[in-house]
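Chemist: Protein chains in written order, with numbering that gives the first Met the number 0: chain L, 0 to 303; chain G, 0 to 279.
Treat the hints with caution; some may be incorrect.
[Stated by the list, open to error] Examples of chain G residues toward chain L, derived with CB under 7 Å:
| id | residue |
| --- | --- |
| 1 | L80 |
| 2 | Y87 |
| 3 | T89 |
| 4 | T107 |
| 5 | V119 |
| 6 | I141 |
| 7 | H215 |
| 8 | L217 |
| 9 | F221 |
| 10 | A225 |
| 11 | K240 |
[What the hints assert, rightly or not] Here are a few chain L residues that sit away from chain G, every Cβ distance over 10 Å (derived from the structure):
| id | residue |
| --- | --- |
| 12 | G32 |
| 13 | I51 |
| 14 | K66 |
| 15 | F102 |
| 16 | P131 |
| 17 | V138 |
| 18 | K187 |
| 19 | E190 |
| 20 | E202 |
| 21 | G225 |
| 22 | F248 |
I should point out that these hints are in silico values taken from the structure, not numbers from a laboratory.
This one's a predicted model, so the numbers in the text were calculated from it and none came from an experiment.
Every residue gets a Cβ at the ideal spot worked out from N, C-alpha and C, and that includes glycine.
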Amino acid sequence: MKRGLVLDDFERTRNRKPRFYEKVIHGIFLMLGLITVGCVLLITIYLIISGIPAIKEIDLINFLFGKEWASTAAEPKYGILPFILTSVYGTTGAILIGVPIGFFAAVYLSKIASQKLRSVIEAAVSLLAGIPSVVYGLVGMLVLVPAIRELFHVPDGASLLAAIVVLAVMILPNIIKVSITALDAVPKEYEDASLALGATPIETIFKVSVPAAKSGIAAAVVLGVGRAIGEAMAVMMVAGNVANMPSLFQSVRFLTTAVSGEMAYSSPGSLQRNALFSIALILFLFIMLINATLNFFLKRDKEK
Amino acid sequence: MNTKRKLYIGFMRAAMYVCTVCTAALVLFLMGYVMGNGIPNISWELLSTKPSYLSGRIGILPDILNTVYIVLVTLIIVLPLGVGAAIYLTEYAKNKKMVSVIEYAAETLSGIPSIIYGLVGMLLFSNNFGTSLLAGALTLTIMNLPTVMRTTQESLKTVPQSYREGAFGLGAGKWRVIRTVVLPGCVDGMITGCILSVGRILGESAALLFTAGFAHALNGIFGALASPGATLTVALYVYAKEEGEFGVAFAISAILMILTVLINLSAAFVGKYFGRRRNV
């Protein structure tokens, strides 16, 4: 029965002389393959087209380095320096808190923890990665913000500090996962050689394994930067959203929240809305820069 | 061993323990806090009704249904596109440069923050056929394309080359080989891609706020696709930030947490199940 089927297949494909339909199918798959490229181009083009007019009208220097954002004032001002600096400070803060914790936890899980403990904590970390950002925002809003108000005796806890802590928690799973992958890939021979030379296990881990995995760990950090700078909703719920120049205990607005905060009530075609698109374009440029850095580290890792 | 060395070792060891314990404690706290505050607020009335201003009642049934619709529609669109792209990359593409361009594009897509997807989705879809679940689903399709593509590609790579050669040797054409040999071999990749996408769709809010809106109307699937609607996550944001209804927000958080746990478990299960079958 089976053999008959195979022979039948064979006959049919041989008798069809010009394989026209194969070419059609090849074309269809080619198009499907190019969809991702098309999407990237589409996003880039749309952001540039809708972001340029406002930058032209406001003037690039005034837009990027203006210290005041007052889009609804009688004499509107569109300076996004506060947003840029807030995003940079916020991301830096989140990295400063999140990376050491994630790094040490990753080293422990990859090199020391027993298999059982490792799989339990790894599952917990995956859970952390899967929690929606609004849930982080909600918990931050109800736990972190009041705690900051009480601890530091400030009038409002919704501040840059709250955003930094929330972002640090949110990037933690990415950093742990990517670092673990990098540390796991270190050849065992390196470690054996170090141990044989008389180094203790801990010294071996930090002086041999970690340097050997440094590209991968760097990639983890860059990935964390990308996630932190792009996060909108959680930050929106804890940072207060006033367009101040950044300061740790003041209500601040990030690039992302500047876009999402005013989008709902800006009228289409107005300079205000166009300026929001320009902010998105600046954010996009930041992200592209981060992606290029990430690719650099990943490629270097692969070449080794 | 001198003291400096001992100190170094002691410090590093302590740092590792402290950081790991911190991470674990954080997860436990988040789980406990959200579940503790959320589960008491979940009631049958909340799950099975729509909000009504007249009786001052809040129900999340429309949001649950919207979430289900948007997940279904997104998967239906993204699956053929992502799988097709993966098949092109592993089975058809001969030009190495082309492959690296497509892969770079996919990486770029997965790095773009959701707020930017929200804006572009608004410009591309919502401005053309209105703020609606369909516009939201199309936006999410672009977001999840790289995920489905990557998982499918990974599993296509594990289909042994000899299977394909065997089929070609029997005289099968390229399309027949793909349909009968390659596609059945990458089912696990497709399933994993779907699970990961569902997780991402459930958690998404920034991209949906401007494309799918935040209405709570109760609609059938086709009506819902054409009209604005909030998913659970967007509803959580609206209830917490705009309306101060923290009880409802916690209830939704608890539901989302439970779903996240289920999604993680099923992803792990699929990996294990197919991994075992493949090794046999």
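Chemist: If a hint holds in the structure, say so; if it does not, say that too.
Modeler: Each hint tested on the structure:
Hint status for G/L80 relative to chain L: holds, with the closest Cβ pair at about 6 Å, below 7 Å. Annotation: interface hint on G/Y87 holds; nearest CB of chain L at approximately 3 Å, less than 7 Å. Of the supplied interface hints, the one on G/T89 is violated, with its beta-carbon coming no nearer than about 10 Å to a beta-carbon of chain L, more than 7 Å. Interface hint status for G/T107: upheld, as the beta-carbon distance to the closest one in chain L is roughly 5 Å, under 7 Å.
The closest approach between the C-beta of G/V119 and any C-beta of chain L is roughly 5 Å, which is under the 7 Å cut-off, so the hint is satisfied. Because the closest C-beta pair between G/I141 and chain L is about 5 Å apart, less than 7 Å, the hint holds. The beta carbon of G/H215 comes no nearer than 16 Å to any beta carbon in chain L, farther than 7 Å, and the hint placing it at the interface is violated. The criterion of a C-beta within 7 Å of any C-beta in chain L is not met by G/L217, whose closest approach is roughly 22 Å, and the hint is violated.
The criterion of a C-beta within 7 Å of any C-beta in chain L is not met by G/F221, whose closest approach is roughly 26 Å, and the hint is violated. At a threshold of 7 Å, the smallest CB-CB gap from G/A225 to chain L is about 21 Å, leaving the interface hint violated. The interface hint given for G/K240 holds, since its Cβ lies 6 Å from the closest Cβ of chain L, which is under the 7 Å cut-off. With a closest Cβ-Cβ approach of about 3 Å to chain G, L/G32 is found to fall inside the 10 Å limit, against its non-interface label.
Look at L/I51: its CB is around 14 Å from the nearest CB on chain G, clear of 10 Å, so calling it non-interface holds up. A cut-off of 10 Å between C-beta atoms confirms that L/K66 is not in contact with chain G; the least separation is 23 Å. Not every C-beta of chain G lies more than 10 Å from that of L/F102, the closest at about 8 Å, which undercuts listing it as non-interface. Against the 10 Å criterion, L/P131 falls within the reach of chain G, whose nearest CB is about 3 Å from its own CB.
The Cβ of L/V138 sits about 6 Å from the closest Cβ of chain G, inside the 10 Å cut-off, so the non-interface label is violated. With a cut of 10 Å on Cβ distances, L/K187 stays outside the contact zone with chain G, its closest approach being about 20 Å. At roughly 15 Å, the least C-beta separation between L/E190 and chain G is larger than 10 Å, which holds for a residue marked as non-interface. Not every CB of chain G lies more than 10 Å from the CB of L/E202, the least distance being 7 Å, so the non-interface label is violated.
Distance to chain G contradicts L/G225 as a non-interface residue, since its nearest Cβ pair spans about 6 Å, not more than 10 Å. Listed as a non-interface residue, L/F248 keeps its Cβ farther than 10 Å from every Cβ of chain G; the least gap is roughly 21 Å.
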